[in-house]
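Peer 1: Residue-level listing of the chains:
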Amino acid sequence: MLFLILYIALIIATGCVNKTPLFFIIRNKIDQLYASKLLRMKKYLPFLRNIKIRRFLQFSSIIIKACMLILIVPSVLLAQKSYVITGEVKDINGDPMKGVTVGVLNSTKPTITDAQGKFKIEIPSSESVLMITSVGYEPLRITPGAQKILKITMKETVSSLNDVVVIGYGTSRRKDLLTSVAKAPVQDMKKAPVPSFDQMLSGRIAGVTAVSSDGQPGGTATISIRGASVTQDVSPLFVVDGIPIENLDINSINPNDIESMDVLKDPASVAIYGSKGGNGVILITTRQGVAGKPKVTYSFSQGIQQVTKQIPMMDPYNFVKLQLELDSVNSTPAVQSTSLKNQYIDATHNLDYYKSVSGYNWEDLLCRTGTLQNHYISLSGGNNDTRYIFSGGYFNQNGIIINTGLKRYEGRFSFTQRINKNIMSGISGSYTNTLSYGTVPVSGATGGVVQGMWQYRPTNGLATSQNLATNLIDSVNLANFLNGTTSTLGDNLINPVVQAQNEYRHQISNTAYVNAYIEYSIMQFLKLRVTGGYSSTDLQLNQFYNDHTQQGILLVNVNGAQANTNGINGVEQRSLAQTKTTSTTLSYSKKIREQHKLDIVGGFEYTFAEQNQSKFASINIPQGTEYLGIISMQSGTPSAVTLGATHNQQMSFFSRLMYNYASKYYFMGTIRDDGSSRFAAGRQWGIFPSGAVGWAFTEEKFMKKFNPVLNYGKLRVSYGTTGNDRVGDFSYLSQYGGLTNSQGYAWNNIAIGGITPYFYGNNSLTWETSTGLDLGLDLEFFNGRVAIQPTYYNKITRNFLLNVTLPYSAGYPSGANGQYQNVGQLSNKGFELSINTTNIKKKNFSWLSSFNIAFNQSKIDKFYNGLEVIQNSWSLYGTATAWVTKVGGPISQFYGYKWGGVYQYTDFNHLPNGAYVLKPGIASYASNVQPGDPKYQDLNGDGVVDANDQTTLGSPLPNYTGGFNNNLNYKNWSLNIFFQFSEGNKILNANKVVFESTGGYAIGINQFAAYENRWTPSNPTNDIPRARYNLKGDAGSTNPRPSSWDIEDGSYIRLKTVSLAYNLPRSFLTKTKINNIALNISAQNIFTWTKYSGMDPEVGTFRASNPANSPFGGTNVGSTTAGGAGYSFIQSSSGTPALAQGYDYTPYPRAINFTFGLNVTF
Amino acid sequence: MLHFKIILLAYKIFMNMKNKIKFLFFFAGLSFFYISCNKDLTLQPIFFQPTTFTTEGQLVNQLAGTYDIFQMDQLYAQGLWGYLEAGADESFRNGTSASTVFTELYDITSSEANIGTFWRQCYNGIERANVIIQDAPTITMDTTKRANIIGQARFIRAYCYFLLVSNFGDVPIKLQTSLSMGTNFNLPRSATKDIYSYIISEMTAAEAMIPPITQPQSWQSSAATTTVVSKDAVDAILCRVCLYAAGYPLQDPSKYQLALTWANKVISSGLHSLNSAPLAAYSTTPAYARLFINNMQDNVNDNNITEGIWDAAFISKSNTSGTYSSTGYPVTQQLGAIMGIYCPDATATSIIGYGAGTYRVHNKLYNLFASGDQRRDWAIAPYMYKTNASTTKYFYLTVNITGGGGTGAAATAYTNASGAITSVTVDNPGSGYTSAPAISFTGYTTGTSTTASGTGATAVATISGGKITGINITAAGSGYPTIYERCVGKWRREYETNLPPVRQQNYTSCNFPIIRYADVLLMAAEADLQVNGAPSAAGVEYFNQVRRRAFGYPPSTPKPGFDVTTFTLQNLMDERSRELCFEGVRRQDLIRWGIMTTAMQNILTDVTNNAPASYNFASSFPATNFISNPAKYVLFPIPGSGEIAHNSAITQNPGW
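So the protein sequences, as listed, match chains L and C. So the first sequence is numbered by this note's numbering: it starts at 1 and just counts up by one. So the second sequence is numbered by this note's numbering: it starts at 1 and just counts up by one.
Don't take every hint at face value.
Said to hold, decoys possible - Derived, one-sided and incomplete: chain C residues facing chain L with beta-carbon distance under 7 Å:
id	residue
1	GLU127
2	ARG128
3	THR183
4	GLY328
5	HIS646
No wet-lab data here; the hints were simulated from the structure. Note that the structure is a prediction, hence the values are computed from the model and not measured. For each residue, glycine too, the CB sits at the ideal point set by N, CA and C.
Hey, can you work out the whole structure from these sequences and the hints?
Peer 2: See below:
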C-alpha cells in the first residue's frame, strides 16, 4: 500500500524533475520491477501480449487506475451492515437549527434537519463518522459509538478554513488545499450593480485581473490569472458545473445564478485540466436546489448610468482661433488660407464674435443618462431525494451613448433526483438570449462616434449651406467633393449623433447549456460518475447602414463619383459554436484507520467542438426600400457570401491522488494525459503531472502552545505542469487558397481562377507548457479573526504559441502572413497576499475586511528561430510600431521616441529671407521642422532623429494590483465598500495624438481644450507643439509617431462598489408569507483617484481580431472580413492581445452606475 | 484483432463477476480500450484546399495564381509604370504635398508600404512558381504540357528575381517552397552577380520548354496571345536581362554579345515586325498608336503578336456592381485612368472614361521630339476633356492659322515658365498660301474650367512659295499652358472596350506591354553598338526601323535622306525615351547606363528653368530627393518592417 503511494509520488516527482539523475535511476528501477511483474502477468492475460510494456509504463495515469482497483477490491469485501441514528441540532443559544446537513463520512446519503432541528439517518456502522455542517457554523464530526440519540450544539465560525472549494472533478475543504485555489467572494461581488460577473471580478482575488476595454454595453473584460502569457488567447478555461468551456459567453451567465466561483491559479492545481488550463481555470458552480419548502426569491433593481468623466473640448472661439492660426507663417505648406478664413471671418464677424457663440457640445448630444433594469426570480426546493431550482432573469440597459444597449433574457433550471439509494442523477440547463446593440467605437482613425464626438466642429462658422446638427458629413472636403475637385470624401468627418442614430448593429447571441449526470455509489466511498454536457452559442450579427450613415452614404459629385460604392448596405453574419463533452470519473474517498485520509479520482473526458459560420452581405440597396431596415437587404445586390466550418476534439485521461495524515501532512499528485486534434499526429498527446506537499505545522504538538494566537498554519509547496493548445484548429496544416478569381489571371481575356499558397502550417507545432512552483502559507490568527495567505510563485512557460509574422520573402499573399510557432520561453514570477480580518464582531455590529495585493513580473527568457523582437503596431493615421516584446523585458512594452519638448526660436538661425534653419548640432527628423514643431530626443547622438532613436517607453503591465473590501453590518443594515487598485501600468493615450495634436493638425477637427495652451510665437511652451497643417503626423511624416509624450502613468485607486442594504425586521413580516425583504442602493465606478488624463485608466481599446479564433483559419482568400469573427467574437478576452495592452483610443465612455434594488424571499 | 480479443475477454470477465466488481472492470476495460484504439485524434479539416496537386487542372490554376502578381498595383497595375517609374525623367506625379506626389519617390523610410509590397509580390510569385516546380513532376499528365507549365514557372520565377535584383540589388534566392522550410525563414542575400547568372541560366532553360508566340501552348485554352509568356517573350526578356547585367552596377561587358544573340533570335524568327498601319477603325491614328489602342482594347480587335511580345493582362469586371459583382475579379489596372487623358466624367456611362490626369509629362521629354515625330502627340496628350457626356476635345495649346488662302499648315508653340510663348515651330508648312495667314493662340489648362487661359501673345507668319516658312512672335503674352499641364496620352480610355460595358471610374482593363518589338530592335541596336564599338549595318537598320515608323514611313523600307547612317549611344538613349516613354523601362535604363544622377540633375535644371510655380514642387520632388543621396536611392530599401524585422539573416542596403 505505502509502496504504491511511494511509487506514484516518485512518478510525479520524476515527471517534474526528470533531469535529476537520482530520481531517474530510482524510477527506472521501479519501472523495471513493474515490468517484470507485468511480464509475468502477460502469461495469464492474453490481451496484454500485444501492448508494448515501455509504452504502457509511460501512461502513468493507467497505473494509478490500476492502483485504485487494488485499493478498492479489499474495501468491497469489507462492506458492513447499517444502524439508524436520530438527533437534534441546536445553536449555542439553544435554538433549534433548521436545514443543517447531517451526513456520513464517505457516504452519499446526507439528510437535513427539520424545523425542530431534528434528524434521522442510517449509518453503516457505529464507528461511522457523522458530519454535521451548516454554512457559517463550525462543522462537527461525531462518531456515535453506542449512542443512538444525539444532542448536538453548533458553534458559529469566523474561519473560512472549512469552506468548501471546488477543485475540479471534486471538492476540498479550504483547510486541505495544497495549491493556490482562490474562492471568489461571490456574495460581495453580487452587490455590484452590473450585468455580468467579469465586471465584478476585478480586484477580488489576488492575481486575477479583469480589465475591460471600455464601457461598451455587452463588452466583456479580459480576464487573466497571474500575468498573461504571450499566447493567442489569455483567457482562462471556464468550467461551469463541471463542464469545461473553452470559449464561454460571459454575458450568458446571470451573476444571480452563480453559487460559487473558484479560481485555480498555480500549475499544480490546474494540472487536472491538463492542456486546457495553461491560463488558469475558473470554476463556476451555479445555484442548486436546497431541500425544504419551496422558496421563491425575487429581486429587482433599477438604476441610472452617467458618464464618469468628460474631456473638455475647445469652444467655438478657441476652435476658430485655431483654424485661423493655420494661416500663420509657420504652416507649411500654407493651406487654403483664404477659404479657411472666409469660412469663419467676414467684414462683420471677427474672431471675438465667436466668444458669444455657444456652439455644440457633441458629448452632451451623443451621451445621455443610461438606465439599468434587472428582474430575477427563482423557485427552489425539494426533499432528500429530489431537488430543483428554476430561475429566470431579464436585464435591460440603455447605454450612455444614444442607441446603444444590452438586453438579456435568461432561464435556468437544475433538477437532481435520487433514483435509488445508490444512484443519483441530475440535469440542468440554461438558455440565454442576449442582444447588444448600437455603435461600437472603432480602433482606427476611420471614424466612429466617439471620435466624432471629439472631433466634430463646435461651430459652423458663417456657412449656412450645411446644417451642422443634422448633416451626416461635415467635411471641409465635402464641398470639394461635390463640385468635383476631388473624387473621394477624403478624411470623413462624421456627425456622431446622426451616425449613432442611424447605425443598425444588433449582435444577438443565443446560448444554451445542458448537462446531465448520473452518479452511482458502488460503495459508500466509491463513486462512478458519468457526465454529459452540450453547449451551443448561436451568434448573429446584423448590420445595416442606411443613407444617413458613413458606411451607406449616397453622395455623388457632379462628375458622378460615388463617395461610397457599396451604397446602402447590410451584412448578416451567423456563427454556431457547439461543444459536446462527456466525462467519466471514478472517485474513491476513504479514511483509513482514522488518520489516513485518501481521496483518489480518475477518469477520462472527451470533448468535441465544432463551429459553423456564414456571412452574406447585400449592397446597393435601393433607397426606396431602406425604410424596411435590415429586411431590405433582399432588395439589394447579394455580395460577399462566405461560409466556414471547423472542428476539434480532445481526449484526456486523468487521475489525482490526495492523501493526508491526520490533517497534518498532506500530499497530492495529479497526472493528466491529454490529446488534442489541434496538432499533427504524433504531437497530439502530452502528459501534465503535478505534485504538492503540505504541512499543517500548527497541528504539531510543539505548536499547540501558540494556538491562542496562531490557531492554524500550513506550509504548502506545489510544482506542476500545464499546457495550452489555443491555436487554430488546423494551424498545423498548410492550406492553399481556394480557387478564386481574385488570385487568378485572364490570359487572352479568359479569366482562370487561381490557386495560391495561403497559409503555411507547422507540422512541429505542439503544446505550450507552463511549469511552475508555488510556495504558500495559510495562516489564521485569533481563532480565525485574521487570516493571512502569502504566496510566492514562479512559472516558466516554454514553447509558447504565437502567430509569428514571417518575412515577406516567405511568399505569402497579403493578409495571412503568419505561421503558428512554438516561439519561445517566458517566466512569470510573483507574490500574492490576501488578508481577511474580522475587525469587529459584536452582537449588533460587525466589520469584516479583506485585502489582497498581487505583484507579478513577466519576462521573456528567450525566443527560438532567431526571432529578436515581436512588434505590434497601432493603427491610427497610418500604422507605427507602438509595442515591442523583447528578450529580457516584460511581455509587452511601449515603443517609440523620447519626447524632447518643442523646437524653440533659439534652436534656429533666422535667415535674411525670413526662413528658420536649424542651428548646426541640433538634431531633427525632417528638413522642414520649424519653431513650434515637436522635438524627439536623438538618443544615439548621430545628429539625426530616425528609427534608430526609438526605445522602450515603459510597460502597460502593472507592478501590482489588488482590492480592499469592507462589510459593515449594523442590526438590519449592511454596508459594502470595495476599492480596487492598480499601480505602475502605463497607458498609451492615443487620443492625445489626435486631439491634442502631436505636431500635425488636420483642419476642421476640434481638439481637447488642453490644446489651447499650444506653442505659438507668443506662447513658446515646451509642452504642446504648434498647430501645423499636416494631416496628423509631424513635419517629417503624415503618420504620427508614438512617443513618450503619449504615454502616461495609469496607476489608479478606484472606489468601485458601494452598496447599502437594509433587511426589513422579521417583526414586520411575521404576518405575511414573506420570509425576507431587503432593500439596497448600490453604485459602481464611483470615484477614481488617478493622474491619468484620459477618460479612464482601465482601458484597452486595441481591438484586433485573433486569427486563431477564426473558424475560417484563413481559408478564404481575398476575404479579409471573415478573419477574427470566430470565437473572439464571443470571448472578448481574446479581443485584446496580450502584447498590445494599455491602448486608449476613443473608448466607449465608462459609466458610474447607481441602482436601487429590492430582494424578496417567500 | 486485438480489439476483438479485448472485447471478448472483457465480456468473459464481466459475465463471471459480482455486480460491483463487474462495473469496475467494465470501466477499466473501457479505459484500456480507449487508450489502445484512439491514440490518433486527427480530424479532417472542413473548408480546406489541400496542399497537394493531383490534377493538371489544378496546376493550371496554380499557374494563374502565379501570373496573378503581374496585375498587382505595385507591378503593372501602377507601380512599375507609375509611382516607381515617376522617379525618372519622363513623367511626374502631380500634387501639392509629399503624400499626394507619393513618397515612393526617394522620400521614404525602409518601411514604405508600396516598396514593401512590391518586394512581397515578387516573392509571392517566386513561391507560387516554386510550388509548381515542386509539384508538377508528381502529377500524372501529358509530358509536353508538364514541360510547358514548368517552363512557364521557371521563367516567371526568374523574372521576379530580375525585378528584385534590378531594384533591390542583392536579394535572397529562395528555390524551395516555404512549406518545406519548417519554421526557419531566415534567408541571407545572394550577390547580384550570382543572381544574374541564375536568372540567365533559368530563363535559358525555360526558353527551351516554351513554344513560340504563334503556337498556343498545350495548357492554353485560347488562341495565340501576348498575355502568355512565349519563347519570343523569354528571348526578348533575356536580351533585357543581359543588357542590365552588362550595365551598372555589374558592368559585365561580355553580356552585350549575349544580349545581341537573344535579340537576334527574336528578330530572325520572322514572327515580328513593327506595326506599319493603324487599325482600320482608327485610320487617322498613327501606326505607332496601334499597339496602345490594342492594349486598351484588351487586344480584342487585333491579337497584336507581331509588335506585341508580352503583355500583362487585365480585365475589368466590376466587383461592386452589375453582373460581375462579388465575383472577386481583381479590378486593379489604373492605366488610362490615373495615367491618361484628363476627363472629369466619373459616371458609369461616361463616354470617354474618367481620367485623373495624375501623371504629367516633363518639359524635357516633350522637347526631345522633333517636328513630325508622330509619337509626341500620341504619348503626350495634346488635349483633354472637360465636361460630362461631351466628346469635345480641349487642346492645351493651339496655334491657329487662319486665312492666307492656303491649307494644311500646322505649328507647335512652346511656352516658358510664366506661360509666355517663346517660340513656334512649323510642323507642316501647308500649301497654297498667297498671303501671310493670321496667327493666334488658344490654350486650356487641365481641369474642368472651359475658360481659355493665356492672353496677349501675337505672332506673324512668313510665307514663301505658298508655304509657311516661319512664325515669329511679336508679343509673348502670358498665362498660356505649359508642358507641365499635359498628361500621359499613350493609353486613351476613349478606345476602351469594356467587358462588361460598365465603366469603372478609376480602373480599366488595359493590358500593359512588358516588352514589345520596338524595344527589342533598340536593344539589338544598342548591343550591336557596344559589341562592335560602332553600329554595324544591321544595328543601324534596327535603329532606322523604329525611326521610320515614328515619322509615318513603312518601317522596313529604307528611306534615303531620312535614314541615319550611324548613331551614337546618346542618340540611342534619346530614341529609347521617345519610343518607350512611360513603359516602365526608363529608370532602369538610366541606372544601367550609369547616368541616373546626371539625368536627375538635368531634370532639376529643366524644372527650375521651365516649370511654373504651381508645378515646381511636384516636378522637382523626385529629383531633389534623389540628388540628396544618389548612392542610397539607386536601390530601394530592403523592406524594414516586412523583411528585416522578421528575417535575422538579411542586411539592409547602404544608406537606408
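Peer 1: Now, for every hint given, state plainly whether the structure supports it.
Peer 2: Cross-check of the supplied hints:
1. GLU127: holds (2 Å)
2. ARG128: With a closest approach of 6 Å, the C/ARG128 hint holds.
3. THR183: holds (5 Å)
4. GLY328: Hint on C/GLY328: holds, closest Cβ of chain L at ~4 Å, below 7 Å.
5. HIS646: holds (4 Å)
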